[in-house]
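**Student:** Chain by chain, the residues:
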Amino acid sequence: MQLSHYLWNEDLKEMLESNKESLKLEAMKRIVGLIAKGKNASELFPAVVKNVANKNIELKKLVYVYLVRYAEEQQDLALLSISTFQRALKDPNQFIRASALRVLSSIRVPIIVPIMMVAIKEAAADLSPYVRKTSAHAIQKLYSLDPDQKEQLIEVIEKLLKDKSTLVAGSVVMAFEDVCPDRIDLIHKNYRKLCNLLVDVEEWGQVVIISMLTRYARTQFVSPWKEGAMFDENNDKAFYESDSEEKKDPTEDKPYIMDPDHRLLLRNTKPLLQSRNTAVVMSVAQLYWHLAPKHEVSAVTKSLVRLLRSHREVQYIVLQNIATMSIQRKGMFEPSMKSFYVRSTDATHIKTLKLEILTNLANEANISTILREFQTYVKSQDKAFAAATIQAIGRCATNISEVADTCLNGLVLLLSNRDETVVAESVVVIKKLLQTQPTQHSEIIKHMAKLFDNITVPMARASILWLMGEYCEKVPKIAPDVLRKMAKSFTVEEDIVKLQIVNLAAKLYLTNSKQTKLLTQYILNLGKYDQNYDIRDRTRFIRQLIVPSEKSGALNKYARRILLAPKPAPLLESAFKDRDRYQLGTLSHSLNTKASGYQELPDWPAVAPDQSVRNVEIIEPVKEWAPSLGKAKKPKSGDKFYSDEEDEKEEEGSDSSGSEDSSSSSSSGSSEESGSESEEESSGTSEKTSSDSGKSSTGSEGSSSDSVQNKKKKKTKKVVKKKSKPAAADSDSDENGNGPVASSSSSSAESSSGSETDSEGDSDSDSPAAQKKKNNVKSKPKVEVKSKKEVSLLDLDDFSPAPQSNTPKSAVLSSSLLSDLEGLSLSNVSPTIQVTTPSFGPMKTHELLHHMTGKGLSAKYHFPRQPCLYQPSMVGVQVILTNSSDHTLEEIHVGERNPASLNIHCFNTIERLEPEASVTVSMGIDFSDSTQAANFQLCTKEDGFSVSIQPAVGELLMPSTMTEQDFSKEQGKLLGMNEISETITMATANTSSQAISKQVLSVANLGVVSSSQSNFHRFAGRTVSSGDLVLVSLEVKESCSALLTINTEKSVMASMLLRDLKQALAQA
Amino acid sequence: MSTKRNFIDLQRHLKDRTRGAFSAAHTLLPYWHRVTHQWQLESAAEMIHSLFLINHTGDIFLEKHWKSVISRGVCDYFLEVKEKAVEPENVPPVLQTPHHYLISIYRDKLFFLSVIQTEVPPLFVIEFLHRVADTFQDYFGECSESIIKDNVVTVYELLEEMLDNGFPLATESNILKEMIKPPTILRSVVNTLTVLLFFPGSSNVGDKLPTGQLSNIPWRRAAVKYTNNEAYFDVIEEIDAILDKSGMTVFAEIQGVIEACTRLSGMPDLTLSFMNPRLLDDVSFHPCVRFKRWESERVLSFIPPDGNFTLMTYHVSSQNLVAIPVYVKQNISFFETGSCGRLDITIGPKQTMGKMVEGLMVTVHMPKAVLSVNLTASQGNYTYDLATKVLVWDIGKLNPQKPPNLRGTLSVQSGAPRPEENPALDIKLKIQQLAISGLKVNRLDMYGEKYKPFKGVKYMTKAGKFQVRT
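Respectively, the protein sequence lines represent chains A and B. Counting in UniProt numbering, the first sequence tops out at residue 1068, every number present. Counting in UniProt numbering, the second sequence tops out at residue 470, every number present.
Treat the hints as calculated values from the structure; they're not laboratory data. Keep in mind that this is a model prediction, so the values were computed, not measured. Just so you know, even glycine gets a beta-carbon here, dropped at the ideal spot from N, CA and C. Careful: at least some of the hints might be erroneous.
What the hints assert, rightly or not - Where chain B lies over chain A, by a calculated footprint (3+ residues, C-beta under 8 angstroms):
| no. | segment |
| --- | --- |
| 1 | 36 to 49 |
| 2 | 595 to 606 |
| 3 | 992 to 1006 |
Said to hold, decoys possible - Result set (DSBU-like, lysine-lysine): computed pairs, CA atoms no more than 35 angstroms apart in a straight line:
| no. | chain 1 | residue 1 | chain 2 | residue 2 |
| --- | --- | --- | --- | --- |
| 4 | A | K379 | B | K397 |
| 5 | A | K338 | B | K245 |
| 6 | B | K177 | A | K37 |
| 7 | B | K149 | A | K55 |
| 8 | A | K594 | A | K330 |
| 9 | B | K177 | A | K50 |
| 10 | B | K181 | A | K90 |
| 11 | A | K450 | B | K181 |
| 12 | B | K181 | A | K29 |
| 13 | A | K55 | B | K177 |
| 14 | A | K294 | B | K84 |
| 15 | A | K488 | A | K474 |
| 16 | B | K245 | A | K330 |
| 17 | A | K302 | B | K350 |
| 18 | B | K462 | A | K338 |
| 19 | A | K338 | B | K368 |
| 20 | B | K450 | A | K941 |
| 21 | B | K440 | A | K302 |
| 22 | B | K109 | B | K84 |
| 23 | B | K465 | A | K383 |
| 24 | A | K338 | B | K350 |
| 25 | A | K379 | B | K109 |
| 26 | A | K941 | B | K397 |
| 27 | B | K402 | A | K379 |
| 28 | A | K379 | B | K84 |
| 29 | A | K20 | B | K181 |
| 30 | B | K368 | A | K383 |
| 31 | B | K177 | A | K338 |
| 32 | B | K465 | A | K577 |
| 33 | B | K109 | A | K29 |
| 34 | A | K844 | A | K1037 |
| 35 | B | K450 | A | K302 |
| 36 | B | K440 | A | K338 |
| 37 | B | K225 | A | K55 |
| 38 | A | K302 | B | K245 |
Sequences and hints are given; from them, build the entire structure.
**Tutor:** Shown next as structure tokens:
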């Protein structure tokens, strides 16, 4: 055996050292097989570790498996592999960086702690969210390896918590929970972001985040369970009305107003009840249980009951939790009572739990149904379960006095059951019941006395004896006779029975000493010499107590009062009675003991801590990790957005709001709105949607979105008009996405996504009316247009009608789809360098088709600067089609294209376009990184018009973010003919860094690279089609001259871009 | 070569659990010791520490540790409980040992036992373990001891990807399949080829790595291409019911699931709508479904994963009366005198909506005292397993003209008391082309891609937990 083992290893070593990959692979596979079986393969370490740098991925993976398993034992040798990982940490491929970090951090060798620390810090700042996720995992590994690193690790956690990627969120919260769960202060600033991202986080992360947020909410909000929580609904509305945090309802008589952040959490977790992941559903359920106002908790019932269809193990945990919940809140589960009916095929522990719940749910109304059900269970072949049922009947009897007699009679009937355990259990339960209501039950006691000879279960015998003794005065004839029988069999009884015999004897001696004196003495004598010391002790004690003698003076007098004192009836309680001390859904709850690492759920604070800690302040443009452009653009944003999108008539409003309100963050008006306009509200939602999304997507720009809100308020009426066309919501939010309001326009779906879906959710859930309209509208565009007109007629007094004013609407799905999709997106990343935020999208609209040439059909287009969802290589184009003629245009679609190979994603055919109506549709065009125009035909039912879209070179780019170092590194790779530069003269107005950014971004869809030098400005992007890097750097020399450098492989684009930039910067 | 194989066999047959654990523990004692110490100090860290796969006889045939090694000895607590349990199903899923917590699931006659060190939501672990089992099922077609042993390397690679430091990493089948190819006959050939083609230089490794994990839609593989584009949806409804002795419905409800199989190129965006969505009471979705659209419009809008997946599950609102497709007349009785009993079961059609009832099967768990049965079936066959006391009557198609009947005598162990309770009957049945709730798919539309896919919807009704008390 030993020999073959040795040979075996030799063989493997040989294979590992061979030159053939296949042999090595084969060897590694066998070794993994050994590890899996738990065999020791540590001797092969030197041979295996040599292959760590092998190029073959599969082999490499297997080596990693081995390394992680044995590195701890072979620390010195393991160190040989470290340099390989260090090198891989710098690899351009994010997956390689991530996997290197994964393995490196899994090697539990204390000596490499510093290396791990450095690697984690670097990875935490990596551009790839996947690598950052890995670094969050590594934090925990390092922490368990060396807890002394805690402080440094907390810093990394703090940084990662700010991350806006859904990929990272779950993992970093996990690390937070592990390393510093008490540092709740780190969460404040990220609270809203986490709430908003939640829906899009992967399911495992959701569980962790939800449980952390439960704890957070318990420390930060006041209890919603007090009187007056009814007003909550009201407040709820107010919250939807506007997103501003500070808003308070002016009417102070309301005793409780839920913190909007509290509401936010409840609202954003609710959809997750529909998750397929049972752990997610359970965690939302526990969140509602611990945080929601009482009347809202029942929202989780259906979902929990649904989980009962899942695997046996899931049922077990869910039933446990329902059992705890059903004690406090019968009403929650009563409607689904039948779901807890037991099937004979259920496992025993499932049956018992269901029984427990049924018992908890029993009340006057349903008790007869439940008892009928119980009758079936008592007959179960599963005797443990039958016994549990009897206990349950006993509990029902004590809890519901109406049925006490019925239950008792039923139990007495069971006494004649053939099964011993059933009888025994019945006796025990009857005993308890009789204690609670000892009046005229002598019949039952007599009956039991008669059965006594047939009952052999000790506990049951003991119970009967106790009953005899306790109520001996009610059965004066029978009790002494029973004692007589027991005296005979005393020696063969079980201990527990013997104790009760002694008890019975003592009680009878006190009440009926004439008949029982001798018997008692006999029994006491037997007890005195019993083998069990408990019995000997008890006997001695009783003798002293009841038999008067010289020594025992004082106590003797009280013997009667001691032994025959009225005893409190035992409470028949649920085993889950006090489980609620543990947070639901936890391991501790399941085990009913405190598991290690369990964190108590704090009680609500009496007074809520400062709410403003959760406000996210504006972050300065330069230092932002994913740079946003800060204040400069805000005033502009207001203008831009509205002037372009809507019409002149709206400009007044936007102007004023843009300038005045941009920085005012609190809007007192919003709450009025909430209260008063229930009708408007529904319509207002879609608008709000956009403001919501704008806000959260930037994450930092509270004020800009506020301005939008304020403004919205001003335009309430107009909004109403718009409202009738819910489709507007979609296009609105889109544009908002692109427009300057949301700095995140095109690329960083990760941040905008969560919020957008979310805000859509609001509108959906709030305003069923609006939804319905929306539905109608979608299905029948015709009707919609009409209704719009009607409404606008009502409101027209104030505004001059403008033909295309009324919000472009999409009659087809495409644009709503777009926003939907963004909701889905996880994180939008290009292979190595993340494509991100800020485009300062100047929404230049270009004419596509004039209404004169188009026989009434006019079209305009602009580049929304959002990643095209149809194909990543396409540039998204939004086309606004307007019918300026006096007749309905039908079947508007894209016809032939030129060149024929042109790759266009067309919009769906628009069946009808009413006069005066307009729609916005999205298209995707693959320009192949050239500014050659895309020519195609725009057709109606009757005609076709040749049109062409010519992109500016700047629109063919997608912004990327990167650090300054990466920028320099990449720039270093793109020298020589890939670099062009020119000294340019700038207009004086453009010398400030904000102005430069603004101008550059208006020309090209680039991302700002934060810069440490104030005279250096860097911008990065990729070409949409081929993904080539385009790096723009601008070195400001003196007052007005600057060196503009563009590095890219696309030299044609570079020169065109240079020209455009030069022109833009020269202009004031 | 043969010596090696012999060696493996030897090892396998030794069943020497302690030996392996011992030698391992011995070699690594110094470090091991230190690490153990740290756990006790810190006790924090990962969610799932180790996984053991145990067969129904109690042999540990695979172990995987995501951190330090935990000795197999920890399973003894579990095995002890398992020994005591009459049925493997009765082992509680959560157990406590002095230093660890054990959370286990029982699937396909295997125990998946995970070792936990600290507080963690138990459902989190249970759900994950089931995902692991699902993944094995998905990869190997079944989830059995022999198939896991045969594919131990793939299993290990999967486990490595699914969990990082005890926290789930990649659990989507589409992503896993991009990283780890399911075993095929051609696999080994392809392997060598890929090695040659892809790894002369290191730069190409990225091609083999999962892009799906980073995409906006993590459940879908990138760059899917099919020559035949097709999307099939199976609406499967299960009737859960308890009928009492007299045939009255004690409890009945309908649970439905929509299983989908989509083989569509590119990035199709599908919309599925129902004629009568109001029927649906409680729903849960695959993550691909846009919940907002459902909330507002009651349509399912989604970009599907590639291949098979469960699109949604639903519960039909309890207001609607549930049609029970069959009636069951039964009479099972045991006589006080003479060690025998009588059994007589007839099944006939009740509310079948004019469809054929197929796959009819009745299972009876007889009381322990029943030694043997002597029955005649008017249709189909019956079997009685003497060891488990399970009577199975496989009927097949239900003939409405001539309701099948099973009758005869049961012989009971002499001297044993008359069984207290009559055994319940579990009914299985299938009805094709019918969703018993009346749910109908209205239409399926596809956006985002040009081609016309082939679309199909199939309905089926099955008996779920359908029990008749006697």
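**Student:** Each hint needs a verdict: does it hold in this structure or not?
**Tutor:** Tested hints:
1. 36 to 49: With 6 residues close enough to chain B, the hint holds.
2. 595 to 606: Satisfied; 5 residues make the cut.
3. 992 to 1006: With 0 residues closer than 8 angstroms to chain B, the segment 992 to 1006 of chain A misses the three-residue bar; violated.
4. A:K379 <-> B:K397: Status holds; Cα separation ~33 angstroms.
5. A:K338 <-> B:K245: holds, 17 angstroms
6. B:K177 <-> A:K37: Roughly 25 angstroms separates the two Cα atoms, so the pair holds.
7. B:K149 <-> A:K55: holds, 27 angstroms
8. A:K594 <-> A:K330: holds, 26 angstroms
9. B:K177 <-> A:K50: holds, 29 angstroms
10. B:K181 <-> A:K90: Measuring from Cα to Cα gives roughly 27 angstroms; hence the hint holds.
11. A:K450 <-> B:K181: violated, 73 angstroms
12. B:K181 <-> A:K29: Roughly 15 angstroms between the alpha carbons, so the hint for K181 (chain B) and K29 (chain A) holds.
13. A:K55 <-> B:K177: Roughly 21 angstroms between the alpha carbons, so the hint for K55 (chain A) and K177 (chain B) holds.
14. A:K294 <-> B:K84: With a Cα-Cα distance of about 42 angstroms, the restraint between K294 (chain A) and K84 (chain B) is violated, given a limit of 35 angstroms.
15. A:K488 <-> A:K474: Since the Cα atoms of K488 (chain A) and K474 (chain A) sit roughly 24 angstroms apart, the hinted pair holds (cutoff 35 angstroms).
16. B:K245 <-> A:K330: Within the cut-off at roughly 29 angstroms; holds.
17. A:K302 <-> B:K350: holds, 30 angstroms
18. B:K462 <-> A:K338: Given that 35 angstroms is the threshold and the Cα spacing comes to 20 angstroms, the pair holds.
19. A:K338 <-> B:K368: holds, 29 angstroms
20. B:K450 <-> A:K941: Measuring from Cα to Cα gives roughly 21 angstroms; hence the hint holds.
21. B:K440 <-> A:K302: holds, 23 angstroms
22. B:K109 <-> B:K84: Cα-Cα ~17 angstroms, so holds.
23. B:K465 <-> A:K383: Measuring from Cα to Cα gives roughly 22 angstroms; hence the hint holds.
24. A:K338 <-> B:K350: Answer holds: K338 (chain A) to K350 (chain B) is near 23 angstroms, not above 35 angstroms.
25. A:K379 <-> B:K109: holds, 29 angstroms
26. A:K941 <-> B:K397: violated, 56 angstroms
27. B:K402 <-> A:K379: The given pair, whose Cα atoms are some 34 angstroms apart, holds under the 35 angstroms limit.
28. A:K379 <-> B:K84: holds, 23 angstroms
29. A:K20 <-> B:K181: Answer holds: K20 (chain A) to K181 (chain B) is near 22 angstroms, not above 35 angstroms.
30. B:K368 <-> A:K383: Judged against 35 angstroms, a Cα distance of about 13 angstroms means the pair holds.
31. B:K177 <-> A:K338: Given that 35 angstroms is the threshold and the Cα spacing comes to 41 angstroms, the pair is violated.
32. B:K465 <-> A:K577: Distance ~31 angstroms between K465 (chain B) and K577 (chain A) Cα, so the pair holds.
33. B:K109 <-> A:K29: holds, 26 angstroms
34. A:K844 <-> A:K1037: holds, 31 angstroms
35. B:K450 <-> A:K302: Violated: K450 (chain B) and K302 (chain A) sit about 40 angstroms apart, past 35 angstroms.
36. B:K440 <-> A:K338: Holds, at roughly 27 angstroms.
37. B:K225 <-> A:K55: holds, 29 angstroms
38. A:K302 <-> B:K245: Between K302 (chain A) and K245 (chain B) the Cα gap is close to 29 angstroms, so the pair holds against 35 angstroms.
Checked against the numbered hints given earlier, this structure breaks hints 3, 11, 14, 26, 31, 35; the rest are met.
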